[in-house]
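Q: Sequence:
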Amino acid sequence: MRTRVKFCGFSRPQDVQAAVTAGADALGFVFYEKSLRYVSPETVTQLVQHMPAFVNTVGLFVNASVEEIKGVLNQTPIQNVQLHGDETWDFAVQLQYSLRHPVIKAVRVNDRTDWTEVAAHIDAVAGVLLDADSMGYGGSGHGFDWAVIPNNVRGKIILSGGLQATTIAQAIREVSPYALDVSSGIEADVKGEKDVEKMNAFMQAVSMADAERWRR
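Okay, so the sequence shown: first residue is 1 according to our numbering, each after it adds one.
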């Protein structure tokens, strides 16, 4: 199975088009107002209106209430919900059940990460995203030690945290994740603005790493 890719943190229509052309499977939009990558529901609706079929849209929320999340979903064509704050597992599971939208729960990896809890819930939500534990809520460009990820969750997780085209081969070889999620690794000098060459290089690196894995 090939590795899926989500590019996150879009704010410009030309970047959305470039990501689609590069071959991204999903595009993420940040609805956390304290983030420099924040975009309003009105802007997101405009950004995705010309996206083709089979490219998924993901809304990223940080410690938002159910009502706030529903409000955004009612205003936009967002298909998936990503919880990237301090939300509990119970909140994530109940949200997926009540919304009928796929829910992705982010886990910030540190010395206190409860991997038993991760394994117990990984099939109860649409996806579990592993990110570095850094200041703020994602998009820091920092990575973490993949060796701490237990074997029983490796093939199911979405791997994030400091990924770049130059680290993809190692990530896929060592972790074999279901998908990769990248934001800062494909950005230009301004947060929220993407670099076309970096997006193309990222997708090419994924394709090459997948091909190498299939040959083994």
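Heads up, a few of these hints could be off.
[Stated by the list, open to error] Below, in silico cross-link-like pairs of lysine to any residue (SDA-like), each with a Cα-Cα straight-line distance of 20 Å or less:
(1) LYS156 / SER35
(2) LYS156 / LYS191
(3) LYS191 / GLU174
(4) LYS198 / ALA18
(5) LYS156 / LYS198
(6) LYS191 / SER35
(7) LYS34 / ARG12
(8) LYS191 / ARG2
(9) LYS156 / ALA188
(10) LYS70 / TYR38
(11) LYS34 / SER207
(12) LYS34 / GLN14
(13) LYS191 / MET1
(14) LYS156 / TYR38
(15) LYS198 / ALA179
(16) LYS191 / GLN96
(17) LYS34 / ALA18
(18) LYS191 / TYR178
(19) LYS70 / PHE91
(20) LYS198 / TRP214
(21) LYS34 / ALA169
(22) LYS156 / ASP189
(23) LYS198 / GLY162
(24) LYS156 / ARG108
(25) LYS34 / GLU68
(26) LYS198 / HIS142
(27) LYS34 / THR3
(28) LYS70 / PRO52
(29) LYS156 / LYS34
(30) LYS34 / GLN96
(31) LYS191 / ARG12
(32) LYS191 / ALA124
(33) LYS156 / GLN96
Rather than coming from a laboratory, the hints here were simulated on the basis of the structure. All values derive from a computational prediction rather than experimental measurement.
Q: Would you check the hint for LYS198 and ALA179, treating anything up to 20 Å between C-alpha atoms as holding?
A: Given that 20 Å is the threshold and the Cα spacing comes to 18 Å, the pair holds.
Q: Within 20 Å, alpha carbon to alpha carbon, are LYS198 and HIS142?
A: Roughly 17 Å separates the two Cα atoms, so the pair holds.
Q: Regarding the pair LYS156 and ALA188, is the alpha-carbon distance no greater than 20 Å?
A: violated (30 Å)
Q: Within a Cα-Cα threshold of 20 Å, do LYS156 and LYS198 meet the stated pairing?
A: Judged against 20 Å, a Cα distance of about 26 Å means the pair is violated.
Q: When you check the alpha-carbon spacing of LYS70 and PRO52, does it fall within 20 Å?
A: Distance ~24 Å between LYS70 and PRO52 Cα, so the pair is violated.
Q: Given the hint that LYS156 pairs with TYR38, does the C-alpha gap stay at or below 20 Å?
A: violated (28 Å)
Q: Can you confirm whether the C-alpha distance between LYS191 and MET1 stays at or below 20 Å?
A: With Cα atoms ~32 Å apart, LYS191 and MET1 exceed 20 Å; violated.
Q: Between LYS156 and ARG108, is the straight-line Cα distance small enough, at 20 Å or below?
A: It holds: about 16 Å lies between the C-alpha atoms, which stays within 20 Å.
Q: CA of LYS198 to CA of TRP214, is that 20 Å or under?
A: Not OK: LYS198 and TRP214 at ~24 Å, beyond 20 Å, violated.
Q: Is it true that the CA of LYS156 sits at most 20 Å from the CA of LYS34?
A: Roughly 30 Å separates the two Cα atoms, so the pair is violated.
Q: Between LYS156 and SER35, is the straight-line Cα distance small enough, at 20 Å or below?
A: Violated: LYS156 and SER35 sit about 28 Å apart, past 20 Å.
Q: Taking 20 Å as the top limit, are the C-alpha atoms of LYS34 and ARG12 close enough?
A: holds (18 Å)
The structure fails hints 1, 2, 3, 5, 8, 9, 11, 12, 13, 14, 16, 17, 18, 20, 21, 22, 27, 28, 29, 30 and 32 (numbered hints given earlier, in ascending order).
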